[in-house]
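Colleague: Sequence:
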Amino acid sequence: MIRLLLIVMLLQVGFSASGAIWKITYPRPITDFDQRNQYPVKLLSLALDQTGVNYRLEPSEKVMEHHRSIASLAENREISVVWIMTSDEHEEKLRPIRIPVFKGLIGWRMFMIKQQQKARFKNVSNLQQLAQLKPIQVLDWADTKILQSNGFDVVTPRNYSEIFTMLNLGQGDFLPRSMVEIWSEFNSGIVGEDIIIEPTLGVRYPAAMYFFVNAKNKTLARLITDGLEKAIETGEFDMLFNLEFNDIIKQAKLKDRFFYELDNPLLPPKTPLDRKELWY
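280 is the number that this note's numbering gives the last residue of the sequence shown; the numbers go up by one with no jumps.
Certain hints may be false.
[What the hints assert, rightly or not] Straight-line distance between alpha carbons at most 20 Å, and here's what the computed SDA-like set of lysine to any residue pairs gives: (1) K270 to E92; (2) K23 to K42; (3) K276 to D238.
Hints were generated in silico from the structure; no laboratory data involved.
Go ahead and model the full structure; you've got the sequences and the hints to work with.
Modeller: Next up, the structure:
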């Protein structure tokens with residue numbers, strides 16, 4: 001019965017049943033040092049493996065910035081899936097698979113700063129003092145709006161690589177990056193020698209990065225949803241997550257770090273906050 005259902009689903013998207021390979025395209029990484037795709041691609045592969053469908057995952061031919069990948073997917077061009085922070089705007093344009101890819105760690109933010117700023121951050125004792133410092137975030141990222149809504153004056157370059165350039169040039173006071181991104185970026189060589197990871201502070205807000213597909217692509221959405229749910233049930237989702245992130249969570253030294261809690265006004269009402277197994 002399950003096999004028959006998969007065949008029907010494939011036929012619905014224009015494939016023949018015999019030996020069909022479903023090509024699923026995701027946005028190509030922006031730069032060679034950008035490793036943010038590695039874990040989501042592994043998780044997507046894990047989910048699709050649970051379904052028994054024949055597929056081939058591959059990056060897009062062209063590099064795509066955040067806004068372009070969303071626009072292309074909304075128009076059903078070039079790519080089949082993205083993983084981005086959810087918001088009402090994104091859920092209106094695209095079809096979300098409401099299972100947090102990073103189990104909410106995308107909202108746990110630590111700071112890259114210049115070495116000479118370390119004493120300044122050491123003297124921060126409340127959120128109001130922290131909000132007097134200027135964070136750097138890409139203009140169209142959801143995180144930018146979250147920080148602005150919490151009183152921060154955000155420095156807003158237009159693309160990913162510029163956030164590191166501006167930090168190196170001292171054009172903002174700190175670069176908030178999630179726990180799942182900051183170490184690979186810090187070790188990539190893209191930041192200057194005087195850049196450090198601030199050792200005692202962070203901000204945290206409820207946030208979910210989902211897989212999104214085109215709004216009309218119910219078939220792919222169902223496959224990814226079913227595959228993720230099965231991986232959660234079997235424990236394979238947690239096994240992959242722990243393999244990828246246990247070491248960096250230890251590296252963050254959470255017991256020695258204070259996270260200021262921020263509101264996230266962009267969080268859609270259908271975010272599955274009640275499903276504890278989906279969150280770190």
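Colleague: Would you mind marking each hint as holding or not holding in the structure?
Modeller: How the hints compare with the structure:
1. Distance check on the hinted pair: K270 and E92 sit about 12 Å apart at the alpha-carbon level, within 20 Å; holds.
2. Restraint check for K23 and K42: the C-alpha separation of about 16 Å stays at or below 20 Å, so the hint holds.
3. For the proposed pair K276 and D238, the alpha carbon gap of about 13 Å is at most 20 Å, so the pair holds.
Checked against the numbered hints given earlier, the structure satisfies every one of them.
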